[in-house]
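J.: Here is how the chains run, residue by residue.
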Amino acid sequence: MIDLRLEIDPLPIVEPLVVRLRDTLASCETEHDATLVEANGTRLEYDYNGFSLGLRRRGNESFDGDVILVFPGQRTAHRLIRSASPHNTFLVTEQCDQLCVMCSQPPKRHHADLFSQFALAATLAPLKATIGISGGEPLLHKERLFSMIEAVASIRPDIRFHVLSNGQHLSRDDVARLVSIGTERILWGIPLYAADGSTHDRIVGKDGAFDKLERGLAILMKAGALVELRTVVMQQNKDRLGDLADFLFTRMSYIEVWAIMQMERVGYGRMNWASSFQDTSIDFVGIAKAIDISTARGISVALYNFPLCSVPGQYREFALSTISDWKRKYLDICDKCDSRTACGGFFEWYSHNEGFASLGAL
Amino acid sequence: MTVFPLKFRPAAHGQVLFADDAGGFFRSDEDFLFRYAHDHLTDNDNAFLLRNGHAFEEAGDLAYAGFEYRFASRLYAPGPLDYVILVPTLRCNLACGYCQVSRVNEHTPGFDWSDETLDAVISFLGGITTPKMKIEFQGGEPTLRLDILKKIREFCRSRFDRCEFVVCTNLQEVSDEVWDFLGLPDVFVSTSLDGDVATHELQRTFKSARTAKFVENLDAAIARLGSDKVSALPTIDARRPPEPASIIDAYTSRGMHSIYLRPVNFQGFARKRYDARASASAWNAYHTRFIDELVEHNWTADVPAEEYYFVHCLRRILRAGHNGHVDLRNPNIVGHGYVVIDHDGKIYPTDEARMVSRVGQFDLSMGDVFKGMSTATVDALNQEASNNFHPDCVHCTYQAYCGVDLVDDLSRYGRIDVPKHETDFCQRHIAIFDKIFEMMYSDDAKVRKSLAIWAGVPNFDASLARWHQ
Amino acid sequence: MQSIPTRLELPSEFLAHLSDAIVRFRYLHPGVMLQVEESAVLLSSDKDERSDRELEREFLFCLYRQKVYADTLPLRSALIAGVTGA
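Residue numbers (the working numbering), protein chains in the order written: chain U, 1 to 362; chain C, 1 to 469; chain F, 1 to 86.
Hints listed in this document are in silico derivations from the structure and should not be mistaken for laboratory results. For each residue, glycine too, the CB sits at the ideal point set by N, CA and C. It is possible that some hints are incorrect.
If you anchor each label on the Cβ, the simulated ranges turn out as follows [claimed, not checked]:
#1 U/D211 / F/L73: 30 to 36 angstroms
#2 F/L42 / C/P10: 20 to 26 angstroms
#3 U/E184 / C/S114: 45 to 51 angstroms
#4 C/S114 / U/S339: 55 to 61 angstroms
#5 C/P391 / U/G224: 30 to 36 angstroms
#6 U/D335 / C/E296: 45 to 51 angstroms
#7 C/H325 / F/L73: 27 to 33 angstroms
#8 C/K150 / U/R156: 54 to 60 angstroms
#9 C/P391 / U/R156: 53 to 59 angstroms
#10 C/E30 / U/S180: 51 to 57 angstroms
#11 C/A12 / F/I80: 51 to 57 angstroms
Here are some chain C residues the structure puts well away from chain F; computed CB gaps all over 12 angstroms [unchecked claim]:
#12 D82
#13 N284
#14 D392
For reference, chain U alone in the conformation it holds in the complex (with noise of 0.2 angstroms):
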């Protein structure tokens, strides 16, 4: 597990600070980076703008491109952008507006306005760099979202933004802007568990979802946006996704991807485990549906956190590794596998008792 934390001297600020770390003077752009002067050991200290600036980490791990926030009076900073990691996300609210039975990040009622300090960290970021969004729900707060998206864009075209929300917070005023921005910057993480509206309502904990959501998926359409679908798959509907299949090729043919997910063993999906956890390692019967009927059809399928031996080999080829790689680990016997280079591993918080009864060594 990487930590996403680091220890740091208390610096005397009264606003949050974006600060880019940066190993040598030379590489230093902007007046938001800060030099290495003198490596401790554990301790790290770094000049900023003339002020001296103190981390502590653990082992060699190198910080350079790193960007972190320092919130005033604290001793850890975040970091936002691990310069060599493709896992960045900005999680940009708490806030949410539904209640998923899965929720790996439950929701609090107050929210931060953070977006200033992240449209700096994202003009920092590496070249191309690809920054998720998530939260909570991003939408709530959709006019700063998209306020930040668009100042990101003008300094940083080459930035990508990958924005998880319910999709229920759009309008047809949306379309120009979104338009405007530029359907290659957004691609929209956008769940949708199942075609009909009482089961999908009941998993995300909100009446009406389903119908705004299919008004959502209809403005992202006419803006040409580029969505990945994202279906968990749980006990609750485990046994729908073929008729998901039909829904999304009749109506949702653009999307780029389908997404086909497992759960997340943290936050509201530890709390309901035991009740929506679908064992796909002895019952692919409705994912392998599922895969044929879009994949024949011409609708990209992609498995996202499914570890290769619980998935049929004939199936193998749509799982992709996509753990971010501050939660992921292995298992013992992932030792001897052959194909754990190519496998994304297991959650963090996976635990053997409860999880996949079929898995073993490639």
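Since chain U is already given, all that's left is putting chains C and F on it; use the hints.
T.: Quick look at chains C and F alone, frame taken from chain U:
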């Protein structure tokens, strides 16, 4: 609730196939047809139609938008010019019985590109802005002018980011220099293998010594270049076709598993020998036998085989945007994505158009490389190139999967307004689509295995071919 | 061989599409003779091998198709407009 227009076609055993303009389909019965035609659809009917993507509740809702998207995706929009067929010579060292390209004998002067023509072609290619370019050399026998092939390749590699070169050769006489050229990493070989060796000799080489030489060269090509770089096509005379199993064997034994059956094309030289008015029915009967033979073969073979065009049609049924074959597009806009440059520098929208012009039927040329492209004729043709509102096609269940081929119609009938069901193009495609639907609704395990392979999926799920009762 | 015509009664909601259906039926089935009455057609054929029932069915199908075409033409036109312009 509003239902999008449904086309219908009776099938066997009282069943009826229904399809819409976006390519969605299902089977039902004549009772449903009666209810549909008389506006007496039941709640059960409506629920099915809505679920299966044939209806919407409010204009602009997700069901409507989804249909509109699928409908739009069925329409072909030409891309930039990035595929050019070059005919540097009409001279050929073979005299195949069905030769459609109006060849001349190997030593006939005056049928090659002059130096000026070559310069003009290079200048023409130089004016194209595209990151990738595919050049296909045809003839006659293009390897008779290896010097031109080399010059074109050298120019293209300096001009375009990514290039691919296909040499359509009879592999009859292959010098060391030609082998070296064919061995280059961006060069691919396309040749003819008319089934078993006996048929090949009957139609192309006529003498056993020549046949043997060809077979030796073909096998050498596969061994030296790899079967990924060599493709072969069989040309079939439907009145005297080789047994399907012999074709499958001739190809699969050489590591070639995609077999594209082509009927003898009665143009040019072929007209002198073959009856140009042959109907499509002989071809259709043979083609369906061939598919049945493939299904048997695939049931037990280690490596499955396919008939390329059949698979192309199957995929056009199942998905939108499958427009890779130039003969099967709607609208079939020609003269944009690819062009043909003849031995005299004239430009044509398709190879067929070149042949139609050469036999003197119509002049479908688009200018030449000296004076530049002129598109008046082709523009007029393209105006008629769609099937969406054609008085016959609009009622056809296969309209969304089909296309038009106006040049083929011109070549056979001298006009483009013959009722579709009387055209060879329509008869052949209806037969293919009928066969595909018959297979998709079959319970036969052997059939379902081949369908899965050809559709590119582990299993051909029953949901892909829905019923409504 | 049929020389005695078969009579096909037509439901009133289809009469508006009768002439279009006749045009199409005639060029699809040139060997079939067709006579029109107020709300019926008479079909007969010396050259066509098909039964009365089959001919009636073919004609009805032409009629259905013309009705569906006419009823749904505004929808089809809206689709094309949505794709090419609007």
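J.: Hint by hint, note whether the structure agrees.
T.: Hint by hint, here is what the structure shows:
Distance hint check for U/D211 and F/L73: the Cβ-Cβ separation is about 31 angstroms, which falls inside the suggested range of 30 to 36 angstroms. Under the hint 20 to 26 angstroms, the C-beta atoms of F/L42 and C/P10, about 23 angstroms apart, fit the expected range. For the hinted restraint 45 to 51 angstroms between U/E184 and C/S114, the CB-CB distance of approximately 47 angstroms keeps it satisfied. The beta-carbon spacing between C/S114 and U/S339, approximately 60 angstroms, falls within the hinted interval of 55 to 61 angstroms.
At about 34 angstroms, the CB distance of C/P391 to U/G224 agrees with the hint of 30 to 36 angstroms. A C-beta distance of roughly 46 angstroms is found between U/D335 and C/E296, which places it inside the suggested range of 45 to 51 angstroms. Here the CB-CB span from C/H325 to F/L73 is close to 31 angstroms, well matched to the stated 27 to 33 angstroms. At about 46 angstroms, the CB distance of C/K150 to U/R156 disagrees with the hint of 54 to 60 angstroms.
Taken as a hint, the range 53 to 59 angstroms holds for the pair C/P391 and U/R156, whose Cβ atoms sit roughly 55 angstroms apart. The supplied range of 51 to 57 angstroms is met by C/E30 and U/S180, whose beta-carbon atoms lie about 53 angstroms from each other. Distance hint check: the CB atoms of C/A12 and F/I80 are about 34 angstroms apart, inconsistent with the given range 51 to 57 angstroms. Its beta-carbon lying about 24 angstroms from the closest one in chain F, C/D82 satisfies the requirement of being farther than 12 angstroms from that chain.
Against chain F, the non-interface label of C/N284 holds: every CB pair exceeds 12 angstroms, the least being about 19 angstroms. Chain F draws C/D392 into its interface by the beta-carbon criterion, the shortest separation being 9 angstroms against a cut-off of 12 angstroms.
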